[in-house]
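*Asks:* Can you build the whole structure from these sequences, using the hints too?
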Amino acid sequence: ADQVVRQAPCPVLLVRPEPAAGAAPPLRSFLDDAARAGPLMQRALGVRTVPVAQIVGSVGRAHELGPDFRPLQRRLADEQRYRRVLEAMEKGVALPPVELYRLGFGYYVLDGHHRVAAAKALGQTEIEANVTEFVPLGDVEAQRAFAQRRAFERSTGLTRVEARHAETYERLAALIAEYQAERQIADRLLAARQWYETWYRPLVRRIRQLGLGRYFPGERSADIVARLAEFRAAELARTGEPLDWATALQRFVTMLRQRPAGPAGAPGGGAATPPGPPVPDATARSD
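Using our numbering, read the sequence shown as starting at 1 and increasing by one per residue.
Derived from the structure by calculation, the hints contain no laboratory data. Hints are not guaranteed to be accurate.
[Stated by the list, open to error] Simulated restraints on C-beta separations: (1) 39 <-> 188: 33 to 39 Å; (2) 188 <-> 211: 29 to 35 Å; (3) 83 <-> 247: 49 to 55 Å; (4) 206 <-> 68: 28 to 34 Å.
A quick note: this is a predicted structure, and the numbers were derived from the prediction, not measured. Even for Gly, the Cβ is constructed at its ideal location relative to N, Cα and C.
*Replies:* Next up, the structure:
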């Protein structure tokens, strides 16, 4: 391209073609995204289950790999190693967790590119990973959310609930406590798991089907669940009428559709905060 520009008899504008419609986006570079985010604070999250769809880039090989995490220029040795990993995963062989960095809501591969590539090829939705998170030092809201999420995870054992706002975790913890009390479950961790599988995940799926995220740009499904819980409590206080969750959701949707989509304050009050690092949410996000 540089040679074309130098030899052209008149000024030339080079336009990079857009990816074909439906084509997967190129891998993101952790180093590039981290540089844009500014000074970062590093914290170990430990081993956990991570949605494969949220693995959006690589720490050091983003420019060598395609969207499928396979090398753009493949060598025999690399292909043989990939095949061994793929066959092992097909047979259900337990492999070590991959090493991931997390920035915003995206994950970047530090070690384990072959395992991630194989997981994608097999249609695997989750993968075990040892995760290190990086939080912008200047983002006070992100640091508060990180601290609240860690407290939430320790008290509930749930590691796949991601929220933008710190207040969301407090509201969800209260919902779990209500669920536990109503069902008289002695073990809090057991109650949290049952709440997540039988109540939270179905509600999140419904929220996504309704497209409610467009009313709260930059927020996660967990934040919208917290908003719904607050709306339900407010309706009870206003009318004295207790609402089941289906009715509360229906009224919540009606209320939202009567106003334009746009920024909103955090659940529990407070102004909206600007988005974090420029890492896009994956299409299939964790809850």
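*Asks:* So, for every hint listed, does it hold in this structure?
*Replies:* Evaluation of the provided hints:
1. 39 <-> 188: 33 to 39 Å: Between residue 39 and residue 188, where Cβ atoms are some 37 Å apart, the hint holds.
2. 188 <-> 211: 29 to 35 Å: With Cβ atoms ~33 Å apart, the hint holds.
3. 83 <-> 247: 49 to 55 Å: holds, 54 Å
4. 206 <-> 68: 28 to 34 Å: Holds, since residue 206 and residue 68 (Cβ atoms, about 31 Å apart) stay within the stated range.
Consistency note: the structure conflicts with none of the earlier hints.
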